[in-house]
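**Q** Okay, here's what each chain looks like letter by letter:
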Amino acid sequence: MTGDGIRLLAPDGTRVPHPEHSIDLSPQELRSLYRDMALARRFDAEGVTLQRQGELGLWPSLLGQEAAQVGSVRALRDDDHVFPSYREHAVALGRGMDPLGLLRLFRGVDHGDWDPEEHRFHLYTLVIGSQTLHATGYACGLAKDGSESAVVAYFGDGATAQGDVSEAFNFAAVYGAPVVFFCQNNQWAISESNEKQTRVPLYQRAQGFGFPGVRVDGNDVLACLAVTRWALERARRGEGPTLIEAFTYRMGAHTTSDDPSRYRDAAEVESWRAKDPLLRLERLLRAEGVADDAFFAETEAAGEALAARVREGVRSMTAPAVRNLFDHVYAEPHALVDEERDAFDVYQAAFVQER
Amino acid sequence: MTGDGIRLLAPDGTRVPHPEHSIDLSPQELRSLYRDMALARRFDAEGVTLQRQGELGLWPSLLGQEAAQVGSVRALRDDDHVFPSYREHAVALGRGMDPLGLLRLFRGVDHGDWDPEEHRFHLYTLVIGSQTLHATGYACGLAKDGSESAVVAYFGDGATAQGDVSEAFNFAAVYGAPVVFFCQNNQWAISESNEKQTRVPLYQRAQGFGFPGVRVDGNDVLACLAVTRWALERARRGEGPTLIEAFTYRMGAHTTSDDPSRYRDAAEVESWRAKDPLLRLERLLRAEGVADDAFFAETEAAGEALAARVREGVRSMTAPAVRNLFDHVYAEPHALVDEERDAFDVYQAAFVQER
Amino acid sequence: MADTSATADTADTAHIADMTTTTMTATAAVERMTLVAALNASLRTALVEDPKTLLMGEDIGRLGGVFRVTDGLQKDFGEHRVMDTPLAESGIVGTAIGLALSGYRPIVEIQFDGFVFPAYDQIVTQLAKMHARSRGKVRLPVVIRIPYGGGIGAVEHHSESPEALFAHVAGLRVMSPATPSDAYWMLQEAVRSDDPVVFLEPKRRYYEKGEVDTRPGARPGPPGARVVREGADLTLVAYGPMVATCLDAAAVAAEEGHELEVVDLRSISPIDFDTVSRSVRRTGRLVVAHEAPVFFGAGAEIAARITERCFYHLEAPVLRVGGFHTPYPPSRLEDEYLPGLDRVLDAVDRALAA
Amino acid sequence: MADTSATADTADTAHIADMTTTTMTATAAVERMTLVAALNASLRTALVEDPKTLLMGEDIGRLGGVFRVTDGLQKDFGEHRVMDTPLAESGIVGTAIGLALSGYRPIVEIQFDGFVFPAYDQIVTQLAKMHARSRGKVRLPVVIRIPYGGGIGAVEHHSESPEALFAHVAGLRVMSPATPSDAYWMLQEAVRSDDPVVFLEPKRRYYEKGEVDTRPGARPGPPGARVVREGADLTLVAYGPMVATCLDAAAVAAEEGHELEVVDLRSISPIDFDTVSRSVRRTGRLVVAHEAPVFFGAGAEIAARITERCFYHLEAPVLRVGGFHTPYPPSRLEDEYLPGLDRVLDAVDRALAA
Ligand SMILES: Cc1ncc(C[n+]2csc(CCOP(=O)(O)OP(=O)(O)O)c2C)c(N)n1
Ligand SMILES: Cc1ncc(C[n+]2csc(CCOP(=O)(O)OP(=O)(O)O)c2C)c(N)n1
Ligand SMILES: [Mg+2]
Ligand SMILES: [Mg+2]
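Protein chains in written order, with our numbering: chain B, 1 to 355; chain S, 356 to 710; chain V, 711 to 1064; chain F, 1065 to 1418.
Warning: the hint list may mix true and false statements.
[To be verified] Here are the simulated DSBU-like pairs of lysine-lysine, each with C-alpha atoms no more than 35 Å apart in a straight line:
id, chain 1, residue 1, chain 2, residue 2
1, V, K847, V, K762
2, V, K919, V, K785
3, F, K1273, F, K1201
4, S, K630, V, K785
5, F, K1273, F, K1139
6, B, K275, F, K1273
[What the hints assert, rightly or not] Simulated coverage check for chain V against chain S, where a stretch passes if three residues somewhere in it have a Cβ under 8 Å from a Cβ of chain S:
id, segment
7, 768 to 778
8, 887 to 894
9, 1029 to 1037
FYI, nobody ran anything at the bench for these hints, they're computed from the structure. Cβ atoms here follow ideal geometry from the backbone N, Cα and C, with glycine treated the same way.
From just these sequences and the hints, can you work out the full model?
**A** Written as structure tokens, this is what we have:
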């Protein structure tokens, strides 16, 4: 169970049998998983580029975590709910989110203002760990409604140190909430490696709160899909929460502001390159004759098209007027906000006049 | 390991062998443990009485938890440090604290202002769970100093739900801090029973953070002493933290403000009366001929003397002048506090004059 | 182990069973009752009127809360609507946010003022901001009830007045009733609001009685400030527990020939500055009283804004009377520490003399 | 797994090894440096001068902190003195309290202003109160460094100005330097203080340069307010990132014939009201500027107290310019949102016109 975790697909692209978590996917499903990972990777690369070009303020790259995200999100039903952290771009795409919605946040024109109910994909959450409690509460709500939907909360290895995450584990356990805690252990919390955050493998944390924790090879999209599906089924059956630790690696910097050369060895990164999640699925697809060069070329072209759309979309994004800030501080009328808006209008009018 | 936990002394006063945690105590040590428990119980009863008489504002009774407290504190060396919650009266006595110090807090003449370094017994802490982090930090400090002292943090079953306690577990584990987390599971957090706080036995929590957790029969003073000693030795050897769950029962109300008849059955309380920690040690002492009627009579007399001293001490406690409040807000001079003190002096002088 | 949330179907059945019990009906009438009873009645009304309303907190179930504000509600509405939570305030508020996102309207009880701080992060960074962050797409109708203030002879952390720490934060509404009637109706208002509300209950007034008209027709509007005693010489502004103290002060001052106008703010964020300004323009003098420390307290905001608005009407500087820049004292000192009748009158005298 | 605290003896040896390296020496000189470099130098001095000083925080080790304030310090002083902590702010501050109780003097870094709130409970209920609670027997010399304020184009929660939320709390000191020199010396002061200090670093001024005299003889006294530009027409009070903005405003106003006196508050709790009063008695007008929202902000306290002290000297009401009662906006709006030159000048004009 330690080491790389549950694995169905080895780095060399061969299948690994597993007694509990086998999965049977059609060729089309396999291709589609690859395609989602490839599009996510291309999208992510474009995010990095756009930041370098000054079009975005910041970009947290998901490079290396495609399998963890695409595999897990594929396990969800349409009516399930996701509570992401801030790096779940592939999960967002998997939910059908408009990628430009994410980019508006990182361009700084809004804080990420999509409607979380539209694709049942909650707002990105930057305060580490907070969303795990929201996910737990949401799951309690679903259970109260008699719904069979479930919730997946995404968070990182560093987040597990936060009190909120432990409280979420405990509330979910006590209430038997239908929530899957999906921890992407990408080995780093900015510059801090796992051993600064925990003394034991993270999946073991769950046991102490009374629910199962499993480690899955986070670079194995098949295993991520299979294990998340299993955990979601547990949730739907009323068996409560599950913790999944997807053992993966953050191949890039923490964000575009970060310089990982200050704290980690190139050799470590290199060693993970051999476990690349796309490469191993490509090997499987080719070995089993499920996809050919044409498919990969077509996928690449789709990626380029996505990147072009994103590039164009980002460049034409403009910020709303400051005045709009006052509109949604409260849902209902608020004297102080109104007063400040009025004063701001007067100020701006005078200012425009002066010029 | 579940059930009542590690036990060396059965409710009927017979010894129970244990492969790892046996303990060999002299007759005098055995008598002394009984005496401490009896004095603590008498002291506690006096606290309740004084509150009923209006001499104290509040009293949280430790009735039923004498063995957990006396056994654990007896395991400490003089140079070890205790971070209590607010019900650790027997621990306080075990550290040599003046009982009147505790009572000043509950009389409302101060917030409990003893010098924590005098008996290496920190201030009572009312914000649930906070002190577990202080204990962890203190233990880190001891380790940095190269000291071989260790720290014991006391807290309740309810406290385990707080994020701070999980964070303390994690920090202690990551830093390998010489701290023993001593959880008195008295089955109730005010009106909430264990299953409202946790899905699994509490001692299991530790495992998920990477250190051992054990349950001990909290009404068995010998087991509490033996297991705490073992945990402290681990700490001293640099093996890091241990969680001890002392499985006991709060025989009284949460505090004198509480009315447990609203939420628990008399039958439950009754069933625990059979496991009384004093009674079982008395049985042992008598069965093994270690103590006779004279000893018990002498102990009772000592209890009465303590109660009398406490009663008298409490009745003569007066509150300091409000003006003194300004003295210790800061360790160094502070303009605002000085200004407010001056204004208060002027106000009081004028007020006195008016009369 | 009992699962208080339970699986979907048992939850549903329990819920339906609850709905059919007669105890579900809130009685509407004019009655004399304590502030606690008014809050209890208001929660009952909320639970009856909207099945999406939930109560959450520590010890609010069988115990009925340490102040009995939720007395009997779990018995009548079931564990699914009146939820005892684990002892973790951040968890309570964070979970309440999630429940609100899923369509519920949680009313959270924090056991004492001093124990809200573990939840402060969830309140300030999440609860307050999510509506704005989503540009209006998300609404979080969460009420956080907090018994607050001193005067009950309690130990440390049980007598705090943290209102300024919430009022400074955009996205929260902060209100505090002073009477049983306001307790009933302002809580109704808080529950109906689609904004998060920090609802501060003056615990030392919990057992004071007043007339409460719970009939739907008696519903007043959203809580603006209210002139609770008229007077021409000086305006005395207070809220929550200090309103009664200020009314007493006004009565004493009247004997000495000074007519004080007492304004009960009711809402601390936003503040109804129009009502206060109107009063100060007439009286020319203003004293603000609260239990919370004066430094960076509500009095500062009121003094600053009213001075700005009424600069040419003020005959004396606005004076503030409140807590000192010290931790709340041990209980045997609180009578002298709290801004009581004498300290309020002292400030009034100084303002009148200026 | 590496144990960063280590057992006693290895810790000790590592420590002694550290002490012998030459990098331990802080160089004392007059130098032009950025505010970040000044903070770094100040921390280095603290680590050299007192072996009980410790740094704690997220990513402060090899990375040197996200702003590089602790750059090189772990390398030079070892992991026992410069501790990367788990990602848990309450844990960091709570553990720092314990370390302080055991005789250490922890200097904690909170990575960004918006992430201090998980630690708010430990700061407010424990750190601030323990000295008073023990009636002076316990001292908690803990410094909490927080990069704060906006203007760097950051995402949500990275541009907050939470000073009022600390200043209201008795037992804490709150200070904020505006220049590299003050950054160096005020941090020295904070580290030497036996009181807990919330040390707010104006992150948008991190890379501005100034002359810093780090020679021991250059040590100024504890940080009172400082008149940084003299003027007779109006007093402009600011602190931290807004001091430079106010100096710019004064320069522009001078061109228009108005002489503004600019006061850098430096300490936000306590506030040096004497210096501000002296200035206002001369100028008769006061504008207070800060990034934090105006409502319940520092400007309220200053306006209230200065009006009380200088009522008969004020020719116009004190005006406040600052953040709106809205969450901090997305970064593309921050230039317009922040109280910049124009908004400060607008307030100055209004105050002068009144
Ligand atoms: C409460 C809080 N503290 C600190 C930060 C600053 N911060 C942002 S990301 C990060 C590391 C997160 O690591 P991890 O949870 O492993 O997620 P990853 O970035 O690796 O996906 C930190 C410390 C934050 N966002 N929130
Ligand atoms: C942070 C916080 N929340 C709530 C409370 C109120 N409170 C005081 S004691 C208590 C129950 C504690 O239960 P437990 O930890 O089991 O300790 P016990 O009282 O049983 O010894 C609660 C909820 C508090 N003191 N602190
Ligand atoms: Mg990570
Ligand atoms: Mg308990």
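**Q** Check the hint pairing S/K630 with V/K785 against an upper bound of 35 Å on the C-alpha distance.
**A** holds (32 Å)
**Q** Are three or more residues of the segment 768 to 778 of chain V within 8 Å, CB to CB, of chain S?
**A** holds (count 7)
**Q** Mind checking the alpha carbons of B/K275 and F/K1273 for me, to see if they're no more than 35 Å apart?
**A** The given pair, whose Cα atoms are some 46 Å apart, is violated under the 35 Å limit.
**Q** Given the hint that F/K1273 pairs with F/K1201, test it: the Cα-Cα distance must not exceed 35 Å.
**A** Violated: F/K1273 and F/K1201 sit about 41 Å apart, past 35 Å.
**Q** Tell me if the straight-line CA distance from F/K1273 to F/K1139 falls inside 35 Å.
**A** holds (25 Å)
**Q** Under 8 Å between beta-carbons, do enough residues of the segment 1029 to 1037 of chain V, three at least, approach chain S for the coverage claim to hold?
**A** That given contact holds, which follows from 4 residues of the segment 1029 to 1037 of chain V lying within Cβ reach (below 8 Å) of chain S.
**Q** V/K919 and V/K785 were given as a pair; does the straight-line alpha-carbon distance stay at or below 35 Å?
**A** Roughly 25 Å between the alpha carbons, so the hint for V/K919 and V/K785 holds.
**Q** Given the hint that V/K847 pairs with V/K762, does the C-alpha gap stay at or below 35 Å?
**A** holds (19 Å)
**Q** Taking 8 Å as the Cβ threshold, is the statement that the segment 887 to 894 of chain V is covered by chain S upheld or broken by the three-residue rule?
**A** Our answer is that it is violated, as 0 residues pass the Cβ test (under 8 Å) against chain S, missing three.
Of the numbered hints listed earlier, those contradicted by the structure are 3, 6 and 8.
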